[in-house]
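Novice: Chain by chain, the residues:
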Amino acid sequence: MKSRVSMLLVEDNPDDVDLIKHAFRKVQVPHQLEVVNDGEQAIAYLAGQTALDNEGQRSLPAMVLLDLKLPRQSGFAVLQWIRANPGLRHVPVVVLTSSGQDEDVRRAYELCANSYLVKPIRCDALIDMVRTLSRYWADLNLLPT
Amino acid sequence: MRLLLIPPRQSLPDLTWRYGLAVVAVALAFLLRLALEPVLDDRAPFLLFVLPVLLTAAIVGAGPGLLAALLSIAAGTFVAPDFSWTVTKPADLATNALFAANAGAIVWLAHRRAAMRAERKRAEAALRDSEALKSAILRSALDCIVTITDGGRVVEWNPAAEQIFGYARAAVLGQSIAELIIPPEYREKHDQGLARYRATGEGPMLGKRLEVEGLRSDGSRFPIELAITPSHIGEKPHFTAHLRDITERKRADVQLRESAQRLRATYDHAFVGITEVDLHGRFVRVNEHFCTMTGYSRSELLGRSFAAITHPDDRVYAQELFDEQMRGERPVYSHQKRYLHKSGEVLWIEIQASAVKDENGMPLYGIRIIHDITDRKRAEEALQELTATLEQRVEERTQALEDVNQELKAFSYTVSHDLRAPLRAMEGFAAILLDEFGDKLGEDGQRYAQRIVDAATRMDDLIQGLLVYSRLASSDLHLQRVELASLVETAVAELRESPEGAAAMITIQPPFPAVRANRIVLGQIVTNLLSNAVKFASKDRAPVVRVWSEPQRASVRLWVEDNGIGIALEHQAEIFSVSQRLHGPDAYPGTGIGLAIIRKGAERMGGGSGVISELSQGSRFWVELPKAEDKG
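In the order they appear, the protein sequences are chains G and F. Using the working numbering, you'd call the opening residue of the first sequence number 33 and step up by one each time. Using the working numbering, you'd call the opening residue of the second sequence number 543 and step up by one each time.
In case anyone wonders, no lab produced these hints; they're calculated from the structure. Each residue gets a CB set at the ideal place from its N, CA and C atoms; glycine is no exception. Some clues are possibly wrong.
Chain F residues, not near chain G, derived (Cβ > 12 Å throughout) [claimed, not checked]:
{"#": "1", "residue": "SER553"}
{"#": "2", "residue": "ALA586"}
{"#": "3", "residue": "ILE911"}
{"#": "4", "residue": "ALA921"}
{"#": "5", "residue": "LEU975"}
{"#": "6", "residue": "MET1001"}
Dumping the calculated DSSO-like pairs for lysine-lysine here, alpha-carbon to alpha-carbon at most 27 Å [unchecked claim]:
{"#": "7", "chain 1": "F", "residue 1": "LYS1081", "chain 2": "G", "residue 2": "LYS58"}
{"#": "8", "chain 1": "F", "residue 1": "LYS731", "chain 2": "F", "residue 2": "LYS676"}
{"#": "9", "chain 1": "G", "residue 1": "LYS53", "chain 2": "F", "residue 2": "LYS778"}
{"#": "10", "chain 1": "F", "residue 1": "LYS778", "chain 2": "G", "residue 2": "LYS101"}
Partial chain G-side listing against chain F, Cβ under 8 Å, derived [to be verified]:
{"#": "11", "residue": "GLN73"}
{"#": "12", "residue": "ARG154"}
{"#": "13", "residue": "ASP156"}
Turn these sequences into a full structure, and let the hints guide you.
Specialist: In structure tokens form, the structure reads like this:
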């Protein structure tokens, strides 16, 4: 079984992309961070990942970091699509967004997000968060094959 | 001429006696003639018979006299000349006839005398009756009847006069009337009147109804009505006055006049319109208020029909009612209709209409009382309109509120998503600059980058606070039982981990009862209270914070006391409103929204908040929340 080598960041704001990349660098996350900038791209990318590669393996991401407010397709649409897709159903999806509004939180969990995180303002807090995330979801958490 | 032979009302014994006397008298004369026969022979046969006829006629009346005469004629004829009934000689016949004539004359004289006597008796009786009648009239008259001579002396004074003036008849007869009953100031006039009558035989006051003042024996005065008529008793002129005490009538007059005046005043000054209309509906009388109400003058209204000032739409109906009343079918009615004011404005009135009737029950004229109810009508109409549109307006308002709510949500969403993103970039990249390029920035550069980091952090706090506040204000809070003890402990534990909290001495004094609240909002409130307590610490002493609760009747008050800088009394009311900061961010960090969240949150959960503080002496903040209902 091929290990899940990548993580997918769905984020349209280039600032946030850079900051998260910086945090990943700081934490030295071993996974490759793939970045897409809108919902459609996210769906297209994930759909591609579900296909079997040359070795008959699927290279599913270890985790999806999903912003909610996205162009073309919203984060909720992406989440819904992931959970409706049998091949991706169990991929951990962590919502990472600016808004901590109750409605968004509730809806995200209703659509079976694994976690809901609000992007911290402080850079060090973001680094801490990324460290915790990678440790938990990539290292500790077990997933069905 | 009445025959007196058998006068009526004469009894039989009486008749027997009287006629018997006639027979006896004649018989005695006859016997006496027989006795004198030798002396007289046949001379003067009738002479002796004159006596019985004369005596009978004179003493017992003409009827017996006549009988005596007839008997005497028979007896005389028998006596002369030869005691036989036969009369042959002319001389004897003549003697017979002469006697008969004499006797007849005597009887006739007797009859005349009796008739005259009877006549005189009748006249005397009539006079007596008349006197009796007069004195009865005088006695029983209700009016005073007083007769005086032309010299003013009293000659008649009836019982009514006695009673009314208070003088007995006997005391006033012959007295001067003027001094008895005429007030001094009128006496001269009275005397002049009498003098003029004596001189000219004229009196302008005579035979007229007069109203003057009278004087009673006790000196009191009273109004009298009198009429004086002159009369003559013998040659002397007299005056008879009929007087009447009219005190009562005068009083009644005054009362009537006052009552009429009162009625008039009521009519004129009433604050309702009052009118009288004739059988054709024309105004006969209108009061002042009615004129004011309709804008017309009295002269413009009088003679005009009520229909003329009635609104055209109400005319038919009003006219029908009026006609029914004037036909006697509707004694009283009341209805509402519109008038047209002179200015053309519509006037709503309520009219109470009644009819005054003649003795046969047929209406003579109508009386109307009119209230201006325009204001009331307008208010009713407005109310109806309001009621009709209320539902619609509520819907509109609800919709508007929902729109505002939606907008607010959209705004909050935008704020939390879009406004925070650039902040993160500012903070994040400034932090990266500090972290990775610090040595290249130099000391100043590092400080400036740090300033960017701090400013961004503060702004995020502010945005977060505003979002919390707006959520508190606009959304429904789910209330549940919250154990205050654990909530306080958690909040204090968190506070102790912050640098400010670590330096403070924080005491928790149980017990803390359970309250009914929203767990998240209450957590925020307690956190804000605690962080304020350590944040506004005095510079010259270590912060000491005490937390305890105080049970109220149906609620629990949570107190947080510090020994910080305190709040001046004049600022204590305003610190609970949004964006009210007393201190610059350099002196004491924070957004100034924490207390607003405390107050709004407590209010939304059915509680309250407040502070007791003195400048530089520390503060005691409290929040009060409803007690939780007991479990089970």
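Novice: All hints, please: hold or fail.
Specialist: Hint by hint, here is what the structure shows:
1. SER553: Per Cβ check, SER553 (chain F) is outside 12 Å of chain G; nearest 147 Å; holds.
2. ALA586: 181 Å, holds
3. ILE911: ILE911 (chain F) is indeed farther than 12 Å from all Cβ atoms of chain G, at 69 Å.
4. ALA921: Holds, since 47 Å exceeds 12 Å.
5. LEU975: 10 Å, violated
6. MET1001: The claim is violated: MET1001 (chain F) sits with its nearest Cβ about 9 Å from chain G, within 12 Å.
7. F:LYS1081 to G:LYS58: 39 Å, violated
8. F:LYS731 to F:LYS676: 31 Å, violated
9. G:LYS53 to F:LYS778: 158 Å, violated
10. F:LYS778 to G:LYS101: Violated. LYS778 (chain F) to LYS101 (chain G) sits at ~142 Å, over the 27 Å cutoff.
11. GLN73: Nearest chain F Cβ about 19 Å off; hint violated.
12. ARG154: 6 Å, holds
13. ASP156: 7 Å, holds
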